[in-house]
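Residue-level listing of the chains:
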Amino acid sequence: MEIKALFVILISTIFINNYVLSQMLGLCPFLGVSRKLDSALGMGLAVIFVMVMASFFTFLIYKYVLIPFDIAYLRTIAFILVIAGLVQFVEMVIENISPVLYHSLGIFLPLITTNCAVLGVAVLNTEAGFLNGNLGLLKAVVQGLGAGLGFTLALLLMAGIRERLEIADIPENLKGLPITFITAGLMAMAFLGFSGMKI
Amino acid sequence: MSYYRVFAKGIWEKNPILILGIGMCPTLAVSTSVSNALWMTLAATFVLIFSNIFVSLIKSVVPSHIRIPIFIAIIATFVIIVELTLKAFQPDIYKALGIFIPLIVVNCIILGRAEEFASKNTVLPSVLDGLGMGLGFGLTLTVLAFFREILGSNRLFGYTLIPGMEPATIMTLAPGAFFTLAIMLWGMNALKSRKRR
Numbered sequence: 001m002e003i004k005a006l007f008v009i010l011i012s013t014i015f016i017n018n019y020v021l022s023q024m025l026g027l028c029p030f031l032g033v034s035r036k037l038d039s040a041l042g043m044g045l046a047v048i049f050v051m052v053m054a055s056f057f058t059f060l061i062y063k064y065v066l067i068p069f070d071i072a073y074l075r076t077i078a079f080i081l082v083i084a085g086l087v088q089f090v091e092m093v094i095e096n097i098s099p100v101l102y103h104s105l106g107i108f109l110p111l112i113t114t115n116c117a118v119l120g121v122a123v124l125n126t127e128a129g130f131l132n133g134n135l136g137l138l139k140a141v142v143q144g145l146g147a148g149l150g151f152t153l154a155l156l157l158m159a160g161i162r163e164r165l166e167i168a169d170i171p172e173n174l175k176g177l178p179i180t181f182i183t184a185g186l187m188a189m190a191f192l193g194f195s196g197m198k199i
Numbered sequence: 200m201s202y203y204r205v206f207a208k209g210i211w212e213k214n215p216i217l218i219l220g221i222g223m224c225p226t227l228a229v230s231t232s233v234s235n236a237l238w239m240t241l242a243a244t245f246v247l248i249f250s251n252i253f254v255s256l257i258k259s260v261v262p263s264h265i266r267i268p269i270f271i272a273i274i275a276t277f278v279i280i281v282e283l284t285l286k287a288f289q290p291d292i293y294k295a296l297g298i299f300i301p302l303i304v305v306n307c308i309i310l311g312r313a314e315e316f317a318s319k320n321t322v323l324p325s326v327l328d329g330l331g332m333g334l335g336f337g338l339t340l341t342v343l344a345f346f347r348e349i350l351g352s353n354r355l356f357g358y359t360l361i362p363g364m365e366p367a368t369i370m371t372l373a374p375g376a377f378f379t380l381a382i383m384l385w386g387m388n389a390l391k392s393r394k395r396r
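For the protein sequence lines, the chains are A and B, in the order given.
Each residue of the first sequence is one higher than the one before, starting from 1 at the first, in this note's numbering.
Each residue of the second sequence is one higher than the one before, starting from 200 at the first, in this note's numbering.
Among the hints, a few may not be true.
Covered by chain A, according to a simulated footprint, are these stretches of chain B (three or more residues, beta-carbon under 8 Å) [unchecked claim]:
no.	region
1	268–281
2	348–360
3	385–394
No lab work stands behind these hints, which were simulated from the structure alone.
Each residue gets a CB set at the ideal place from its N, CA and C atoms; glycine is no exception.
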């Protein structure tokens, strides 16, 4: 049964409650890094990685430090510092282990600290009722993975469409952000279809 | 730059959402009703003004290579103040805004103003800058919420507008937010290109 619960969390965070297109989190990188397919893929991979790591550490800190010492109100500041430190750490590790990966992901990593989807998944993990049940940590990590995959999916779809919009004939005043928002709206409408999915 | 200009530039010519294109997440997510939008404006403006004050006070003692984490810690402190205050006095609003209260920390507008303006200016201009930017953010948010609430739930400030009319629920969901903001940005571009001519 637990396997099924994990699967439900994964599918629902990727499709039904897609972080970008239905919860509207992480829109800054979604609009900023979706011009080219390559950079969108790099950003997506970096976000998946940081989201999984952040879910793991913030959940442990919330459950075993903040709650026992009765300082849960410090959640926001603790999480943002953990994420900032984690991003810095990941950046250093990747730089030392794999310079090739660093060159493709490197420029996106500092941007992730201010990606609200990462802090969002950390905060939602503490509010989703994972704290009391068993396998809470695993559920939090799976939710982080699903959120990252959903973000990457939306980003890649958007980048693919925007590469084609570059050569399309768009009215002068709609160029840039307005047409991007209309595209995002149509994609969000398509993703609304998933909300009828029964799993 | 005169004090008036420092204050007024955030509302129109450097409007954080319509011109600079930052701070999109809370804009789109909490603009489902006008009262949510107004509370969000209040919360964000409070954090913006106080983080600007403190950043401009400590700007000369902060080493430049660790300034970003220090700014984030200052912002997070005021966000926690807002969070606890709303939770105690306005529990309904706290529930409606939900996750977007803690997410004020990563709102690009606030860190952007701390980095771009408050860390280079004295206290009084920083306060005016924070107030102007907060109002510019709030104005856009409220206009967006006004149309979304009327079309999406057939209500305004909680009162039903046309009894018996079926509202277009899609306006309160994500697609409605994207479309409404797209139309606002479109209008903004049209105004700008007309002025240029």
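Index of numbered hints that the structure contradicts, given in increasing order: Hint check: 2 fails alone, others pass.
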